[in-house]
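Heads up: the sequence lines are chains A and B, in that order.
Here the first sequence stands for residues 1 to 111, where the numbers follow this note's numbering.
Here the second sequence stands for residues 1 to 114, where the numbers follow this note's numbering.
Just so you know, these hints were derived from the structure itself, not from any lab.
Among the clues, some could well be false.
Unchecked claim - The calculated DSS-like cross-link candidates involving lysine-lysine, where the alpha carbons are at most 27 Å apart (straight line), are: (1) B/58 - A/26; (2) A/26 - B/61; (3) B/61 - B/113; (4) B/113 - A/26; (5) B/58 - B/101; (6) A/26 - B/49.
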Amino acid sequence: DAGVTQSPTHLIKTRGQQVTLRCSPKSGHDTVSWYQQALGQGPQFIFQYYEEEERQRGNFPDRFSGHQFPNYSSELNVNALLLGDSALYLCASSLDAYEQYFGPGTRLTVT
Amino acid sequence: AQSVSQHNHHVILSEAASLELGCNYSYGGTVNLFWYVQYPGQHLQLLLKYFSGDPLVKGIKGFEAEFIKSKFSFNLRKPSVQWSDTAEYFCAVTAHTGGFKTIFGAGTRLFVKA
Chain A
1 DAGVTQSPTH LIKTRGQQVT LRCSPKSGHD TVSWYQQALG QGPQFIFQYY EEEERQRGNF
61 PDRFSGHQFP NYSSELNVNA LLLGDSALYL CASSLDAYEQ YFGPGTRLTV T
Chain B
1 AQSVSQHNHH VILSEAASLE LGCNYSYGGT VNLFWYVQYP GQHLQLLLKY FSGDPLVKGI
61 KGFEAEFIKS KFSFNLRKPS VQWSDTAEYF CAVTAHTGGF KTIFGAGTRL FVKA
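If we strip away everything but chain A, and leave its shape as in the complex, we get (with noise of 0.2 Å):
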């Protein structure tokens, strides 16, 4: 079992550009969670993905979007980047949407 996997592991932006970043769930998991965690603080809860549609979402800009495919993976979009969107930015997912598995993270960097 793969577990979570995300891609890219690292991404270097400028400001003002777009990004995408990808999540493969845990084999068997429907819902793929997405959070930010900025240096030495916890993830923040971006939003979360249930059957092709946002189900929850955190105290973030519409510049952050996303999308689930048929098979759950997932991809977290986010527009006009600011300097402050650095960050390791981590995928979870889970069966039932409370014991949920992480992925390794894409450390973004914006210039």
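Dock chain B against chain A, hints included.
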């Protein structure tokens, strides 16, 4: 708004010392409670969880946590730490709000001296 507060940001202990990390949350409804650990260079892993039933839950590697509903607390304990317990520990709460939104604390960085 829901929030999770971890009392200690940094803890330094010697091997064999006892550990207790505090966690309090603010939410009046039904919650599920978790402790996650992040070892250096590794991703977040589940240590233990509380959904219902016995408020004293046991997790991996000798960790346990006690849910005290009246105090909105879920403290993590280990009787005797090892050098390999050096890691960052996160308390997390999933609130039943019509959806499933998980809030994490800021984390406690534990360093165990050999």
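Results for each hint:
| no. | hint | result |
| --- | --- | --- |
| 1 | B/58 - A/26 | 24 Å, holds |
| 2 | A/26 - B/61 | 23 Å, holds |
| 3 | B/61 - B/113 | 18 Å, holds |
| 4 | B/113 - A/26 | 35 Å, violated |
| 5 | B/58 - B/101 | 24 Å, holds |
| 6 | A/26 - B/49 | 19 Å, holds |
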